[in-house]
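Chemist: Single-letter residue listing:
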Amino acid sequence: MKYLIVILILIFTLKNCFSNEKLYFPYIIDYNNFTAFKPASIEVGDAIKGKVILKSRKTNCLSCHNAPLPEERFQGNFGPSLLGLGSRYSKEEIRIRLINAKIINPDSIMPSYFKTLDYPRTQKKYLGKTILEVEEVEHLVEYLYSLK
Amino acid sequence: MKKLVNRRLFCGIILGLFSKYFAYKSFADGRPFRDRFQSYRQTFRVEPDKEEAERIVKNIIKGRKIVPNLVDLDIPDIAEDGNVVPVSFSINCDMSASDYPKRVHVLGLENPFPEIAIYEFFPEGGKAEVSFRCRLRKSSYLIVIADMHDGSVGMKKKYIDVMLGACS
Amino acid sequence: MEKQRKLKYKETVTQGELVKVKTLAEHEMESGVRRDEKTGVIYPRLIIYKVTARYNGKIVFQANWFSGVSANPYLAFYFRANKSGLIEIEWEDDYSKSTFKRGYLKVLDKDGNELLPINHSI
Amino acid sequence: MEMNYYLLTTQFKIIFKIFYLLIYFISTSLLANNLDNKINNVLSGYNFAEPSTRNIQDDDFLNPGILWVENGEKLWNKIEGPNKQSCNSCHGRSSNMKGISLKYPMVIKKKKKLINLEQRINICRKKMQVKKFDEESKEILSLSTLIGYKSRNMKLNYKVTENNKKWYSLGKELYFKKIGLMGLSCNQCHDERVGLNLRAEKVSQGQINGFPSYLLRWSKVVSVHKRIQFCNEQARAVPYEINSNENNALQLYLSVRGNGLNIETPAVRK
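Protein chains in written order, with the working numbering: chain A, 490 to 637; chain B, 5 to 172; chain C, 14 to 135; chain D, 22 to 291.
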């Protein structure tokens, strides 16, 4: 009986670990090439709206990254500069970094913007939610890809 | 007709004239006019009003020509927090009875209430230098206007970067 | 608890020397633009709106403050004294509540004799 | 950690996966032991502040935190309660409290509980049979600032003993734990990214040698716990309460981490 329970628990945990198709729904993630594809049903975003989101305090991108926005006086240098991001990465590569940068580098400090998070002590209003909506991710991807 | 020109109306007209005269006088002193009407319970306003700031500055200068090199400012380029910005200024004058600043205005152009302080000097002062600490809502110009005794006016402005909180 | 008022200057000076007076007042300087985070109630404005410096009863410096001055306001200014006397700083509140801080300044001439404000020889 | 799982799903069979997992856990646990509290050189928050802020701290007249010290001095001699006692009647002059703040947070043997200086003051007030001060009230901060001020320029030298070992490890665990919506832990910023810019702010080492300190953002003196709470809220996490065991444990860990620094109470920080 004991062994059975242990085996059951093991199976469940393993299943939870490896069944990640639903984790980033509706995006499809290719873990080999580190790219995230969007299904055709999602509309292409708007770069202008993406710029607003990038500057907003909700995502707080500029707190760590340097973007070519001269009107924002202070920009952080935690992460790499966003300058020329469009020439370095494809849209799919930018998307996976937005969705969950920890797929690529587990030690990354960058928050996972499109993943239901379960870190301890998360405030109640954020529980079971993602930081960004699907449309917002698309807007941001468009804007970041336009930085060349 | 008789009832219209009664005592009340007469008093009203006289009072009106008086108040206009006093208002004109205080305008002539270069005081920003709003502070007299500003009761402390009705001060909630977060958004700065740029036009009002400009109007106040115009009101102080009143079209006079600005004398260069009258005001010296010593403010750090970057303020670590908008709540405490150390400001010190000095006015280049000999502080004799004919050459001293009557009033020195300090204005933060993008504060909800642009006036920060008005300093009044007297010939006994010896030196027109003041240091104090002020609040700035965000990165903006800080203006110091010296209204001299002989009617000349000096102005200096400086852009101060106010650091914003990183995470929130 | 009573709010602190602090005053600092060089206590003995020679005649005609500039005296730097530093003052510090304990005051929250509520600007009237802040809301309580939970209830949304506006904190009413409560600031020191006027600081007056008198020397032997005569005004030597005056500051009119608005809501843009920091909490626990610091103020430094200069004046020149020819005779010994009393420095008096008055802080005036929005409720017209005044607080005072006074100090004696000793002025010496070149020989080291004190120059008193009143001539006692009469 | 996730990366490894994902690689496995696509490339290896389950047996390999388990084997790989085992290796991963062993390696991480080994790594965790190496990540000790040793920082090469400890730097006070003073070094990361702007020159204008440093000026305010350097001059005792400019520093508004001294107002709290002076208020504390008044409270120290204030006679209260049915026994007509003040702090002075038991402890003598406030200068006798030199070095006291270095010993806190302290484990009380009776309750096996960790307390900080503010809680100690309230225990004292209970003995005096007077009403205790509220958390973060001006009175209690004045007294703790006064006591901290008396050990100014002394070196932090907090020792981990058998008594407080348990709390030390709890504090350490909290320090390295990822929390909140942003999934941040203290060490990610305050150990690994010291000196880098978050917008305009330079990230300091997060040393607590200046607390209770005068924070410009609130224009008043606050305790360490309040500051930690603020940091937690920034990571969009639920903060622990003031004077809670967790915050005390974290304070203990931070004190040990800052050993060798001079006490700067009341420091002026952003």
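Treat the hints loosely; a few may be bogus.
[Unchecked claim] The list that follows gives simulated cross-link-like pairs (lysine-lysine, DSS-like), each with its CA atoms no further than 30 Å apart:
1) B:Lys106 with C:Lys23
2) D:Lys247 with A:Lys613
3) B:Lys106 with C:Lys51
4) D:Lys193 with A:Lys618
5) D:Lys105 with D:Lys176
Don't read these hints as lab results, they were simulated from the structure.
Chemist: Look at each hint and say if it fits the structure.
Modeler: Structure-based check of each hint:
no.	hint	in the structure
1	B:Lys106 with C:Lys23	holds, 26 Å
2	D:Lys247 with A:Lys613	holds, 20 Å
3	B:Lys106 with C:Lys51	violated, 45 Å
4	D:Lys193 with A:Lys618	holds, 29 Å
5	D:Lys105 with D:Lys176	violated, 36 Å
Checked against the numbered hints given earlier, the structure breaks hints 3 and 5 and satisfies all the rest.
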